[in-house]
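Undergrad: Here is what each chain is made of, one letter per residue.
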Amino acid sequence: MALKGGGFERKSKASDQIPSSSLADIAFLLLIFFMVTTVFRTEQDRQIEWPEAVATQQIDEKRDNIMYIWVERNGDVWINDRLVPMENVSDLVAPRWVESGRRLRISLRADAQVPYRFVDAVQQEIREAGAIYVVFATDLERRMMRERR
Amino acid sequence: MAILNKKQKVSDEIPSASMADIAFLLLIFFLVTTVFPKDRGLPIVLPEDQQEIEIPQKNILHILINPDGTVGVRRGDSQDEAIYSPRDIEGVWRLEVAQNPNLIAGVRTHPEAAHRYMIQVLDALQTAGSDRISLQMQDG
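In order, the protein sequence lines correspond to chains C and F.
If you use numbering that gives the first Met the number 0, the first sequence closes out at 148, no skipped numbers anywhere.
If you use numbering that gives the first Met the number 0, the second sequence closes out at 139, no skipped numbers anywhere.
For the record, the hints were derived by calculation from the structure and aren't laboratory data.
Be aware that one or more of the hints could be misleading.
So the derived list for chain C, only partly shown, Cβ under 8 Å to chain F, looks like this [as the list claims (entries may be wrong)]: (1) 35; (2) 55; (3) 64; (4) 65; (5) 66; (6) 77; (7) 78; (8) 111; (9) 112; (10) 114; (11) 115; (12) 118; (13) 125; (14) 126.
Even for Gly, the Cβ is constructed at its ideal location relative to N, Cα and C.
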């Protein structure tokens, strides 16, 4: 009678089961990690119609260094849930620009239908504050039929 | 004594076998409900103050955005203006920049033109790989 395993039969002391007693600890660790790293929005979104663009890119900057300026269809400017008169925009941008060490990105969230003079006025205010990085917030446009040259 | 000695059948410990299930349930809940902010758009760098430099007219492609969304394209100092739709600008830019690599796009938008027409033109220019864009407003 041939020996099972060629005579190397030895009782293994290690269990062949994955230890499940620490599963809860792992799960809770993950849970706590996600809870801690989640940043809640402190600012409410304004209702705007987003312009669409094919070349839309992700902003490659920390959340703290992104400032949102909302421009509504009627030309109202909202920053941090507050209606801001156009001439005061630069006073709000300037301290953030210095605070961020000249890295501040301004996400300009203007309604698709707003007349351009309001967008231009906001840009002038941003320049007055010294900030130079502006991102025109857009939605990614998916074009099915795109002619290429 | 007979009554007091009765063995209690109910365990006095909280069952920990389902603890992992509860934790994973919470974990999945948080994963699903987390909304990632959409921080995206078309980036542009505004000129700093005292950084305005004169550019020879031949290196400028004037792109004039009208209130109705049509786009007039005028090359440098020439006076003739061709009318395009915003989507054609990508091709126009590719053709023009092939002839003159130093070309700068001077996008001048009418004050009453909708923001999205400017975005369409900016989108076309960025899709065509242009990074020398100047945004201005027409006097009006």
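Undergrad: Which of the numbered hints above does this structure break?
TA: 1, 3, 5, 6, 7
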